Amino acid sequence: MSTTGQTTPMQRNGIHIDDTFAEAFPMKATRLIITAHNDTWAQHAAVATTGFATSVIACGCEAAIERPLSPDETPDGRPGVAVLLFSMSGKELAKQVERRVGQCVLTCPTTAVYAGIKDGDPIALAKNLRFFGDGWQISKMIDGTRYWRVPTMDGEFVGEETTFVVKAVGGGNLLILARDTEAALAAAEAGVAAMRTVPGVIMPFPGGVVRSGSKVGSKYASLSASTNDAFCPALTPLARKTELDPGVSCVMEIVIDGLTEADVSAAMRAGMDAIIARGAAAGVSRLSAGNYGGKLGPFHFHLRRILGEEGAV
Amino acid sequence: MSTRLHLRLREAPPLRVSLDGIVPEQAADAADVAHRALWLGNQTIELGELFDVSTQTLEGDAVPELVIEGDCRRIDGIGRGMNGGMLRIEGDAGDYLGAGMLAGVIVVSGSAGDLAACEMQGGRIDIARNLGDFAASTLPGSMDGMRGGTLVVRGNVGARCADRMRRGMLIIHGDAGDFLASRMVAGTVALAGRAGAHCGYGMRRGTLVFAGNTPAAPPTFVATHQDIVVFWTLLRRSLDYHGGRFAALPGRAPRRLVGDLAAGGKGEWLLPHTD
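In the order they appear, the protein sequences are chains S and Z. Anchor point for the first sequence: position 65 equals 65 in the working numbering, and the numbering is continuous, going up by one each time. Anchor point for the second sequence: position 191 equals 1191 in the working numbering, and the numbering is continuous, going up by one each time.
It cannot be assumed that every hint is accurate.
Chain Z side only, calculated, beta carbon under 7 angstroms to chain S, not exhaustive [to be verified]:
(1) Val-1222
(2) Gln-1226
(3) Asp-1227
(4) Val-1230
(5) Phe-1231
(6) Thr-1233
(7) Ser-1238
What the hints contain is simulated information worked out from the structure, not anything from laboratory work. Source: prediction; values computed, not measured. We put the beta carbon where it would ideally sit given N, CA and C, even for glycine.
Produce the entire structure from the sequences given, and follow the hints as far as they go.
This is the structure in C-alpha cells:
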C-alpha cells in the first residue's frame, strides 16, 4: 500500500516528488574485505560471493559490492573489494557468510578475507573454514587478531577468524516513474551510479535496479509477497488502485540497504539528485517510494524531507 | 583518579626476596603495602624495612602505577600475576619478572633475571637491556610456557628462551642463547641478532622470524616453496612497529623452512634475508 499524497505539489527540475516515504526494516549486516593478487581476481571472488543475494525472501541474504579498495586500504597491501551482506538475523547471516566465503572466496585463486567491521557481535569467518586444512591449518595471532592459514594448491588461504555483525537498515527504496523503458533505465542507472559513491550502502538487485517491485501478500495463500499492482502500467485500468498517471509506462525501483539510517538517507538523496539533475525532459515524470502504511518498518525515509522540503523549482 | 606507588630500595638485600603479590592495583593502599611481610631467608620483615614507600595522586584517567627504583637484582617475582596498570622498574629486576602476568604493562630500564614472562598470558613487558635464561618459558614442572601478550627485549636473552611457548609475541632485538624456541608449541618469536645452538629443537608449531643473521638450519628443518606473501605482509607490518631491524624487513615473501620434523614439522622458520 502506498500513502502517496497529492496535497502540496513539489517539483524539482520538472519532476514531481511524491509526498510519501520509503519504509525500511532493521537487519543485521557485516562487511567483508576480499583481497587478491590483482583487481581481477578480487572482483571474481566478490562477484561470486555476492551472487544470488538480491532479496532475503529467497536468497538468505542481500549482498553486493560496496566499493573496490586500493592496496593501501587493505590489511595485506593487495587490491581488494569491500562487500556488504545483510540478513534478517545474525544467525542467518552467519550461515550465509560461512557458505559464501567457503564456496566463493576460499575457492578463488590467491584470495584472502578479512573483517571489514571491527565492532559488534562476532560471527565465524574463517573460524570453521580452517578445517578444510585437514589438520595442516595454522593459527596466527597478530596484534590481537587471529588469522587462519589453510594450505591450498596455490599456496595458502589466509582468513581472519571472525567478522562482526552490526544492526543495519534494509529496504530503503526509490521508485522512478518514466514515460518509457529507455527513460526509466537511464534514470535508474544514473541514480544507482550516484548511490554507489555513498559509503555503507549496497543496491542488491541486478545492476542495483529491480523491476518486480512487490506488495505484501497475495491472492495465493502460499505467497507472502506479490507484484506491486498499483505501480504496474499493465494494470492501470484494471487494478483496484493505481498510483500511475497517464503517460507513465515504465517504473523502476532502486532498493537500498545501509549500515545506518543516515547511510540509506544519504544514498537516497544522492540518487534523487542525480535523477533530478537530468530533468523531466529525460523522461522521468515522478519520483515515489514504496511503503506499507508505516506500520511495519520503523525507518521512514520521506522523499521531500530528504530533499529539503523546498517548493517547486 | 589513580595513585602512583613509589618503592625505593634502600640497599640490595643480603638474600633473595620475593615481591610476589605487590602489583599496581594495590597502589592506593600504601600503608598496607609498607607493612606487607616479606621472607628474607628464614625470617620475615616488613616491606617498609627494605623500601622507602611513598604515593602520588595521578590526574585524569591514568591507570594505577607502581614504580620500583634501585638495584633489584635480588628482588624476585616483581609483577607476578599482574592484572592491569603500569609497573616501571628503574634499574634491574630479579627472577620471575611478570610471571603469569595477565594484563597491564611492565617497563624495565635495565635487565631482568631468569624465568621472566614465563607463563605470561597477556599484557606487555618491555626490557631495555637483557634477560636471563628461560624467558617466556614454563614455570618449573609446567607444560606450557608463555600463553599470550607481548615481550620485547632490547638486548639479549639467555638459554631456553620461549621453551614450550604456546601463544603470544616475543621480540628480541639482540642475540639469543642456546635452545631458542625449543619445544615451542605455537606463537611468534622474532629475533634480530644471532641465535645460539639447537635453535628450534623439538619445535612443534609456531613461527620463528630471523630478521638479522640467518642461522644454519638443522637437518630436521626443510624448505617449502609456497607463496606466503599475504601472511608475511600481515606479520611484517606488525613487526615494523618494533623498529630496528624489524622495520627494514623486505616486502617479498621470505624463504620458509618447516620443522622440527622430529616433532611433527608444523613449526616454521622465516628467513627474509635469504633467497
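Need the list of violated hint numbers for this structure, in ascending order. Violated hint (a single one): 1; every other hint is consistent with the structure.
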